[in-house]
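The whole structure should be built from the sequences, with the hints applied where relevant.
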Amino acid sequence: MALLETRGLTAAYGDFQALFGVDITVGAGETIAIIGANGAGKTTLMRSISGVLANAPASILYRDEPIGALLAPDILSRGIAMVPEGRKLFPSLSVEENLQIGKYGRKVDGPWTLDSIFALFPILKERRNNPATALSGGQQQMVAIGRGLMSNPEVLLCDEISLGLAPVVVRDIYAAFPSIRETGASIVIVEQDIAQALKVADRVYCMMEGRVTLTGRSSDLSRDDIHKAYFGTEHHELA
Amino acid sequence: MNWLDTILQGVLLGGLYALFAAGLSLVFGIMRLVNLAHGDMIVLAAFLILVLVTTLGLNPFIAALIAMPLMFAIGWALQYFLLNRTLGKDILPPLLVTFGLSIVIQNGLLESFSADSRRVFAGSLESASVNLGPVTAGIMPLMTFFSAVTVIVCLNQLIYRTSVGRAFRATSDDPVTAGLMGIRPQRIFAMATGLAMVVVTIAALYLGTRANFDPTSGPS
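Residue numbers (my numbering), protein chains in the order written: chain E, 450 to 688; chain P, 3 to 222.
Wrong hints could be hidden among the right ones.
[Unchecked claim] Facing chain P, a subset of chain E residues (Cβ under 7 Å, in silico):
| id | residue |
| --- | --- |
| 1 | 518 |
| 2 | 522 |
| 3 | 531 |
| 4 | 535 |
| 5 | 537 |
| 6 | 541 |
| 7 | 542 |
| 8 | 546 |
| 9 | 554 |
| 10 | 555 |
If you are wondering where the hints come from, they were derived from the structure by calculation, not from laboratory data. Note that beta-carbon positions come from the ideal geometry of N, C-alpha and C, so glycine has one too.
Structural data, given as structure tokens:
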């Protein structure tokens, strides 16, 4: 049984339709990656699931409950947390306060506490009293992920967590994902970095122009399949 | 020592203005909402205290304690059902609505209490004073000043030391992302305005016992 599912999900910004009947499923404990170029609709999909954008109730199901029309706080209280694109840390809060506020709307016991977040990202403990936005981009991303984990979510939505970061920093951040998976949480990663996404995901959905153009297990998809689904053209090696 | 007396009275009067400003700045700091009806809310609270004092024969301080939750409820409802609808990128709607609210409150009070000036009597406290070396300070101005300091310290502790305070700051920074943390910005804004109205009630207590007020005193 799918833990989280979208059925024919559509979304629009005014007259501009961004999603055209997107169907995805996320199983319990599963990590899936959603890849696609800019404008493919990945972030809109995340915003829809997390309750930032309102949708038809039955277009998103969580444990078979229609949640499409719920607001973001209601979605979080059910166990779906979001690490938003661009980190979106609160400038007036310190690192520790940014982490603490992650559990404001869902206070449940679980593996993730302030101490376990500091164990996962030790640098944050050293900077706990600094303003969160005074940190480097990579450290800010760690705070954003830690903030998402503080509510001990059953599903963690990660939107473009490698955006604007150096490859070595991205590697450090992705190194934390096995620990997150061990807790049994399902993870949905939105990525433009195909190689990174394929490394961590059990399954991949590729999106283009608001539609899912390819889906399959990461190990089963060929580079050509992904290239065609990602760009809409055949893959040609450069001479 | 006239100059010392003048400085002391000025500082103590500053306590009253600090109480006026604390509620206003709480609302502006969290919502970026300029409440043009803030002064009228103070006068409304002063009339509420006056009614409790005259009809129930209560001590003004007890009356203020009763008025606080009532004013909190008024502020909460005002923000939740009216002012939240005006918030957005454009600063004009809240200005227009609170300006209109100011007129509504003034005319409502005029209809209910007439244009006569009123005052809340605090008994012997009004004329009580204490010698501070070469100068003498009134007990009420001293209480006003220390109430202002207490209110500001309490607000500071609330905002910087509590979970609700973190929610205030986070919502002020980014209401959409705050929603992803489980914060309901509409309720946080309502709570902030309710809290501001509690501070307004304290200000109204000292305004009402210090000077005359009438329904149109708010804007001034």
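(Q) So, against the hints stated earlier in the document, which numbers end up violated here? (A) Going through the list in order, the structure violates hints 1 and 4 and respects the others.
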